[in-house]
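Using the supplied hints, reconstruct the complex from the two chains, each of which is provided in its own coordinate frame.
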Amino acid sequence: MTDLSQNTSGTVPRKHGGSLLEQSPHTKKRNAAETRFKAYGIAAIAAGLLMLAVLVTTIVGKGTGAFQQTFVTLQVDLLEQKLDKKGNRDLADIKKVTTFGYAPIIKGAMTSVVEELGIETGLKAKQLAAILSKDAAAQLREYVIANPDQIGQTVEFRFLASSRVDGYLKGRVTRASIERDKNISPEQLDIVDALAVAGALEKTFNLDFILGADASDARPEAAGIGVAMLGSLSMMLVVLALALPIGVAASIYLEEFAPQNWLTYMIEVNISNLAAVPSIVFGILGLAVFINYMHLPTSAPLVGGLVLTLMTLPTIIISTRAALKAVPPSIRDAALGVGASKMQAVFHHVLPLAAPGILTGTIIGLAQALGETAPLLLIGMVGFIASNAPESLADGLLAPNSAMPAQIYEWAKRADPAFYERAWGGIIILLIFLVTMNTLAVILRRRFERRW
Amino acid sequence: MNDMTLMDKTVDTQNIKIAARDVNVHYGDSHAIKDVNVEIEDKTVTAFIGPSGCGKSTFLRCLNRMNDTIGICRVKGDILLDGEDIYDRRVDPVQLRAKVGMVFQKPNPFPKSIYDNVAYGPRIHGLARNKAELDEIVEKSLRRAAIWDEVKDRLDAPGTGLSGGQQQRLCIARAVATEPEVLLMDEPCSALDPIATAQVEELIDELRSRYSVVIVTHSMQQAARVSQKTAFFHLGNLVEFGPTGQIFTNPEDSRTESYITGRIG
Ligand SMILES: Nc1ncnc2c1ncn2[C@@H]1O[C@H](COP(=O)(O)OP(=O)(O)OP(=O)(O)O)[C@@H](O)[C@H]1O
Ligand SMILES: [Mg+2]
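Residue numbers (this note's numbering), protein chains in the order written: chain U, 1 to 452; chain F, 1001 to 1265.
It is possible that part of the hints are untrue.
Restraint ranges, calculated between C-beta atoms of paired labels, are given here [claimed, not checked]:
hint: 1; chain 1: F; residue 1: Q1221; chain 2: U; residue 2: P25; range: 51 to 61 Å
hint: 2; chain 1: U; residue 1: L49; chain 2: F; residue 2: H1026; range: 48 to 58 Å
hint: 3; chain 1: U; residue 1: E22; chain 2: F; residue 2: H1031; range: 57 to 67 Å
Hint data in this document are derived by calculation from the structure and do not stem from the laboratory. For clarity, every value in this text was computed on a predicted model and none was experimentally measured. Where a beta carbon is used, it is the ideal one built from N, C-alpha and C, also for glycine.
Excised from the complex, chain F in its bound form (with noise of 0.2 Å):
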């Protein structure tokens, strides 16, 4: 599988989703990303690995815009979305979003049903006309979560009252409710057990055929098994980016290699 899509993706240019320029973040002083090139592919995995706090999810974060909220977060470079700079000023962070969506490292449903916690995102952008188109929406999206089964019937219940696993489906059918054309997730299997891991991972490789989806994960295996690209990072340089395959089996760098053999992070 890694093997094909090695061929197929590096002779496509033109499926390049995002496009990362010159990207550099500052939190005040210290310097958290530099000089980040990077372009990511539709209807690809890929991977962000690299020891803690080398800025996977800082970058990660660039991608939709969540560090605005972040006061002392600056970014400069470019950052294209099919060809637009989602920091022009006249983009809106929350258009973007809507487009590129977030599941995040701890779960984080809110505090309301089931139900409400994934109809929530299609209700603020106006994407069911009825009842029952919103009851499709948040069915289907359960469904590719692969908790539908777990909750069908107890919908009204709090989406807090689910177990951690659980409720990392439950956020990310949540995130795909919107219908995002990416999806970002920042190690959003560490809460699981093997099992939900691998549930998420079939859900991954499912998301492909419609989404980009960039995934940071601190599991070597994980990377290998869902990601057709990997990009490692290393004290906020991208050190490589290629073919999972060839990152994972012919490393260029030497922190690369010394990393995936674990013997740096």
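One chain only, chain U, in its complex shape (with noise of 0.2 Å):
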């Protein structure tokens, strides 16, 4: 040993009976070494913490925005003669009136507004009425519809702001950016001034971005992720409803009673090989299976489910696999040595010890089809979709929904600036629920190790 180590280090022979309160020179070298590698290793995790922080900042930073939106509260005169002419609160009438007929009831409520706080101005009422958004009308029209007895009142209502005049009070857009914007002039954002000033026009907390639907290029303002996040959890429901038993008992056969032979080699080669499959390749499968061949609705989270169910298995089964393979075989031996049968042996003792193996592996594989955007693009799970929350399980299957990945590249495409802080803001939606699974991935593998 001691001769080794002078020859190839080169160093003076070492004597024996030295001190030890001195370091050799080979220590000396070996512990620079060490110092080194723990140094490199310091280096790499402060690097990966400083890039995650950074992250964590753009997204906060850029996302935040989208949970607020303003609001401008008004009082409207809910003229009879203009909302129900009959007078005889027929719900069918009062629905006959479209948006257009509730434009000249916001005008008029933004004109006294106007006069009220004594601003002076040279905008008609059509160019006050644009402050609000484009879907003020719409929102007019539906609280009316759901509440006809206020017709002939004045009531307080509160509208969103268009979405320029929200990017004002958040930043996004300044008095020097608008110069060759046709959607807002200065003298508007005067008047905007003036109305924060009073009271009537503030910034709050919108509920609506985490609950509402999806709304058009013009109408940024009112777009929100609830639908897509609904459809979402409809495919994660088709997914674990099929990619848990089904992988759970592939894996259970595969590795407890499968006879070793080369059809079960190729198998378990191939799901191995399934797993490193990109995605897009599961999503043409599906539009060309699914939808061409099975004429499954398009745009439907039980498609999205299935593609993602055939992506998420191969993680199912090898983590399950691998949960298998941990429990130590003297437990089937004890199970089997006391007359127990295999599936005895495999049910009562070697799947409890693995659940929670197998129960991380399912909320990871669950969070990656949570995040996954490519297949969903494919069979058209993407897009504008302004319905509001599905009315029942298989409505919710059927029906035409989008995913929040896929609402979030939406988004992103769209060319209004105001969609981009969307975007941002359903990202962080998204990462919530991603941590929040892989959190309790990570508590339900503690509590259940931590039985015995």
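Printed below as a string of structure tokens:
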């Protein structure tokens, strides 16, 4: 030993009986190498943490805006002669009044607030109303249809402000930046400032972003991720209901019962290969099989769920098999030794011990599926879906819908920077889901492991 | 004691519990057991001795078909339990293992409570009609495994939380709880201290009154103390089989003599 190290390192021969208080050159060298290695490790981790910090601050900085929205509170005269000419409060008649019928009412409300506050302006009523969202008339109409008894009265109503006004309050839009913007003028911004001072216009928390549906290109202020969230949840239900039982059953069979022959081997190899197949391949497969061949509806969460199931299965199978493998064989021997059948040994002893691993794998698979975008683009689960919450489970699974990551992609693609902010906001929500799921996986694993 | 049984058994041939005829075991290409013929008697303790790797465990595992779980293991020849071939197509190995229980070299309690460890066998075989009967079986089994006094206050505690020796006795309790006819023990005392070993040996001696016990051991003293018959294995062959007293005092084969005097193995 000592001879060898002398020859290779060329150091002075170590004297037997040398002092322990003094480091030999060899030890020094070894310790230096260790210190260097630790430094590299710390540097690597620090770099990783730095990038994470940059990522998180960027996302939070850009996305929190989406959770706030500018609203204008106005006193609205719900004139009977406009909204219910016959005066009998018949809902069918009230519904005949389109959003165009509401426009004059909104214009009236805007002019009166400006007059009340004593603001001098050369703007026409139409330009004043443009401070509000294009969605304002629809919002008011919805409210009137829900509360027909309010017709003829003056009510206080909170209107969404237009995205330019919202951007102005958030600092995204400035007086300099709107020079060529046809959607808003400095005069309108003067009114906005005055309304803000008077307290009629304010920026508050926007629940509609979390619960609402997407909106068309011209109304970014009304867009929400809620319906896409439901789409994602429906897909996760499908994935969970299919991938967990199929994956666990397949793994148990392969791990515990399958004969060890080339066929089993081929299946195992192919499952590992499937785990590495790019998700877009599953998407085009889903398009070909589920939509073109089986004629399932396009854009439906059911189809999305099926595609994601195909994608998640290998992950679940691989992690389940690893969990089963980790159960010591002595436990199986013990069960067989007292006369349990193979199935009893597996279900009474092996599976409970493997359960935390299986659950962890499943949750991580689901989290992967939740963030998956590419296959959903192919089966059309992306785009403008303005419908609100589905009414039943079947509706939720079969009606066209979007999914959170696809919705984020869609928003990021649109031209208006107001949508860009919403994309970041969507990413925050998606990340909250993913972090929650992964935390749950960790907690489950801990909880079960501690039992014995 | 040994001399007496020696005389009994040589004349009494009706009491053969397990008979092995020309048993050969292969692990893939390696030939682990070569033409073994042996007759294991009822109500007798039979010891398997021999150097490491000679096939004692392999042969023991043939007796309750635990080798079925090893994919590459092939068993040839006949093994008869009460005159019936246990490798017959019609035999369900699960049913066989209820009759031929096993205690493993490494203690392997289930990661469940002490009570559930012992109660598991009786439960799956439907040996108890109600909780009271099950309680009784559990207590009786734990008493017979000489561990009752140590665990009676914590039957709900996990079996894996016991010491190694206690775990092994728990495994013995678990094996006897199903009332097997034959009990196979693969080096049951290798993890035990001398006191626990003595307790287990006492237990084995007591079990002999009802079962046929086969024990693999590396301790010559233990084989001499507990067994009536001894089989010496060497390189997959059964070199010598006979009454324990004779094997230890007057072996026929020179290899046996070298082994027990410590020259090979
Ligand atoms: N699962 C297995 N796969 C392949 N070969 C095996 C297997 N189990 C045992 N063998 C081989 O069979 C032979 C006999 O092994 P066995 O375990 O029966 O020996 P043993 O006498 O019990 O030894 P020990 O006293 O060390 O426990 C050995 O050569 C071993 O390598
Ligand atoms: Mg062995």
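*asked:* Can you tell me whether the CB distance of U:L49 to F:H1026 sits inside 48 to 58 Å?
replied: 57 Å, holds
_Distance restraint evaluation - F:Q1221, U:P25, Cβ atoms, bounds 51 to 61 Å_ = 54 Å, holds
*Would you say the C-beta atoms of U:E22 and F:H1031 sit inside 57 to 67 Å of each other?*
Hint holds: Cβ distance 59 Å, inside 57 to 67 Å.
The structure fails none of the hints (numbered hints given earlier).
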